[in-house]
Structures are given as C-alpha cells and as structure tokens.
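Peer 1: Sequence:
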Amino acid sequence: MIAPTRAGWALLVGGLLAVAAGWILGPVEFHVLGTVATAAVAVALAVRAVRPSRVRIGRRVAPPRLAAGEPARIDLAVVNTARRRSPLLRLRDRVGDGRTVSLSIAPLAPGETVVGAYRLPTTRRGVVELGPVRVTDVDPLGLARRHSEVDSVSRLVVHPPIEPLPRVRAPLGDDPFLGEEINRRHGARADDFDGLRTYVPGDDLRRVHWPSSARHDELLVRQYRPPRHGRLQVVIDTRPPGDDELVADRTTSVAGSIAVALLEAGDAVRVLTTDGRSTPWLMGGADVQVALEFLARLEGGGPGIASDVPEPGSTVVAVSADPTLADDPTARRALVERLVTRVLITLDTRAWRPDAAGSGASPGWIHLTGPGQLGRLFSLGGPSGAMPTGSAGALR
Numbered sequence: 024m025i026a027p028t029r030a031g032w033a034l035l036v037g038g039l040l041a042v043a044a045g046w047i048l049g050p051v052e053f054h055v056l057g058t059v060a061t062a063a064v065a066v067a068l069a070v071r072a073v074r075p076s077r078v079r080i081g082r083r084v085a086p087p088r089l090a091a092g093e094p095a096r097i098d099l100a101v102v103n104t105a106r107r108r109s110p111l112l113r114l115r116d117r118v119g120d121g122r123t124v125s126l127s128i129a130p131l132a133p134g135e136t137v138v139g140a141y142r143l144p145t146t147r148r149g150v151v152e153l154g155p156v157r158v159t160d161v162d163p164l165g166l167a168r169r170h171s172e173v174d175s176v177s178r179l180v181v182h183p184p185i186e187p188l189p190r191v192r193a194p195l196g197d198d199p200f201l202g203e204e205i206n207r208r209h210g211a212r213a214d215d216f217d218g219l220r221t222y223v224p225g226d227d228l229r230r231v232h233w234p235s236s237a238r239h240d241e242l243l244v245r246q247y248r249p250p251r252h253g254r255l256q257v258v259i260d261t262r263p264p265g266d267d268e269l270v271a272d273r274t275t276s277v278a279g280s281i282a283v284a285l286l287e288a289g290d291a292v293r294v295l296t297t298d299g300r301s302t303p304w305l306m307g308g309a310d311v312q313v314a315l316e317f318l319a320r321l322e323g324g325g326p327g328i329a330s331d332v333p334e335p336g337s338t339v340v341a342v343s344a345d346p347t348l349a350d351d352p353t354a355r356r357a358l359v360e361r362l363v364t365r366v367l368i369t370l371d372t373r374a375w376r377p378d379a380a381g382s383g384a385s386p387g388w389i390h391l392t393g394p395g396q397l398g399r400l401f402s403l404g405g406p407s408g409a410m411p412t413g414s415a416g417a418l419r
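Under our numbering, the first residue of the sequence shown carries the number 24, and numbering increases by one thereafter.
No wet-lab data here; the hints were simulated from the structure.
Nothing here was measured: the structure is a model prediction, and the numbers come from that model.
Any given hint might turn out to be false.
Here are the simulated distance ranges between beta carbons [said to hold, decoys possible]:
no.: 1; residue 1: Ala85; residue 2: Gly398; range: 48 to 58 Å
no.: 2; residue 1: Leu126; residue 2: Glu152; range: 47 to 57 Å
no.: 3; residue 1: Val66; residue 2: Arg106; range: 15 to 25 Å
no.: 4; residue 1: Arg399; residue 2: Ala374; range: 34 to 44 Å
no.: 5; residue 1: Ala44; residue 2: Leu126; range: 33 to 43 Å
no.: 6; residue 1: Gly325; residue 2: Ala374; range: 50 to 60 Å
Ideal Cβ placement from N, Cα and C applies to all residues, glycine included.
Using the sequences and the hints given, assemble the complete structure.
Peer 2: Now the structure itself:
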C-alpha cells in the first residue's frame, strides 16, 4: 500500500489550499506554490510505486526456548536484494497477540546486509508467534511511504521455570521392550557387552566366544547387559482450580522440573493431564524440548479424571493445586488410589511466594508453598525407586 506520510499529507493539503486561494484571490504565486507542492507529493508517490524497495528478512531467536521471566534476543537480518540503494526502512515486527516492535534501518547499498536486534521480555509461559514483518519504505523527502509485509515467521516457546533436582531414577516399568526402543531411537546399542559366562544347553551357538573357549578349555558365551530405563508418568491435575492460568503456571513448573530431571537421567517419561491430554512416551534428554513445549502450550482443563489416566505399568507422580488436599487426608487418599501414585505433590498457590513457610514432606506426599522447595523434598523412595514403608499411613 502506498500513501503520503504526515509531512506529505500536510504538503498536499497546503498545496490544494494554495491553489484554491489562487483561484479565489487571484495572485499567480499561490497557483505556483500550490502546483509545486501537489506535484512534489504526486512524484513521491509515483516513485514509491515504480521503485519499491526489495529486501529479504531473516529472523534468529536466541534462545528459541526459554523459561518464563527470561528475555529473548530477536535478530532481524535485512538484505537489500535490489540493484539500487534502498530508502530509509522502518520495520514493525509483530509479536504475539497484536503487539509490535519497531526498528529503523538506514539506507542499504545493493546486496548489503544489516542486523537489527531487540530484546523481548517474557512473563508468562506460552508459544509466542513472531512475524510477519511489516516494512515501510519512505522516499528521500519523507513525503510518501510504501507498506509491504515480509513473510518471516518464527515462534518462541516460553516454558515454565524448571527447578534443578538431585539425580533421581524411576523404577523399571513393565514393558520389556522399552529399553531397546530407547536405544534404537537414540542410536545406541541394545546389546552392550557385559562379559563371558559358561555355556548352558539352549544358548545360541553364535554367541560362543571361540578364542576364550579355547584358552579356558570350556565353552564360553558372550553375555550382554540389558538396557536399564525406568518409566515415569507425571500427572497434572487440571480440574478446578488447576484449569486457572496462574495456577497452571505453578503446577506445570513442578511437573516440568520432575520430567526434565528424569529424562536427563535417561528414563522414559510421559506428561499427562487428568482430562487426558498427554505427550507420547519421551525417552532421554533429547526429548526434553518436547515435554517443555507441551507444558508451554497447556491451558484449561475439565472437571473429572479421564478413564485412561494414568496408563498402567509405570510409576506415577501427581501434581495438584486442589486446596482441599492439604487439609483432608481422605481426599488425598482418594486421589492417590485413583491415580495409583507413588508420590502426590500438592501446592498452596494462594500463598505462593519464594520465602513461604509451611512446606514439607512425608512418605508419599510433598506439600509446596513456594518455588525452590521441590529440590530438597522430592524423592521416588531412594536410589532404587522403592516406595518407603508407611507411605499409606502418611496419606491417611
């Protein structure tokens, strides 16, 4: 779209008034001034029409994923692809829900590249859509401008804050093929050599290690180490008040901290909600970003618990901000039995603050009142993941 600038409109209106004054009052000078002013604006509009700027814009988002509260740096690389020098450019980058960020780019020589940058603060989790970029070029006299859009679109994933946790492993699940699937997805061998043992009838003769058998004068077969991968499901309670946006910011942060710790330890993790939304089974640190994007997008909820939540055959940790659970052992016990949880984590989001007191843990139950408390309280029952004795009583 081509239109006069504010200065162009002022000159155009002034020129038309001067022409009108010349017709009414008679002096030829008014005709000359009015004609020149009007012609200047017309020429500027014509130049912008026949000689539009041609630019290519690339965007770099660093980092492409970050925790809420951290700033992102957005770089816009502008390349002049025309054969002539570009005019002054004004860029307006669309950010999320209608906001824009403006940058001015000085005239560029043919083929020249310049990078404009801005910092984008983040306060809430979510996926921020960036672009397209609206380019406005202005003629040298500042009388006419041309608007165009460059389809340079990116996205910024703002996930909930992740709290580092001590190294913890999930108990082994019931799926005997899970370890092989993880190794296959990440390019590892599922048959890592673990040593030699004496041959027993029924062993595959292809696994006999003949040189060692000859030295020891008995048949020895290769023994392989089975892959060790635990399975953990993290269930987020999205029933009211868990469907509230501010409450979900807290519960997703706790759930994400647990999921990331287990994935980085090499275990398989599935993040799901009480109303049935879920990630697939995620395996190892390479899938951390999948979990974080799921948590960044999570919003809303439902009143009940879906019948297929959780999936049987693995350890379950549940995260809930239901205020009745902290004071009602019967309600806690009912939720634990329904979700078959090893650990229930409750949050007091009404009094949530960094220096809040009142957090604590008993076997099978953790109560949090602020950020930074999960790391010293979270456990799956010890190094082996065994559930401490007496946990049922603690939940009553």
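Peer 1: Does each hint fit the structure? Answer for all of them.
Peer 2: Against the structure, the hints:
1. Our hint of 48 to 58 Å for Ala85 and Gly398 is violated, since their Cβ atoms are close to 28 Å apart.
2. At roughly 18 Å, the beta-carbon separation of Leu126 and Glu152 lies outside the given 47 to 57 Å, and the hint is violated.
3. Between Val66 and Arg106 the beta carbon distance is about 21 Å. The supplied range of 15 to 25 Å therefore holds.
4. A beta carbon spacing of about 19 Å between Arg399 and Ala374 contradicts the range 34 to 44 Å that was offered as a hint.
5. For the pair Ala44 and Leu126, the beta carbons lie near 41 Å from each other, so the given range of 33 to 43 Å is met.
6. A beta carbon spacing of about 26 Å between Gly325 and Ala374 contradicts the range 50 to 60 Å that was offered as a hint.
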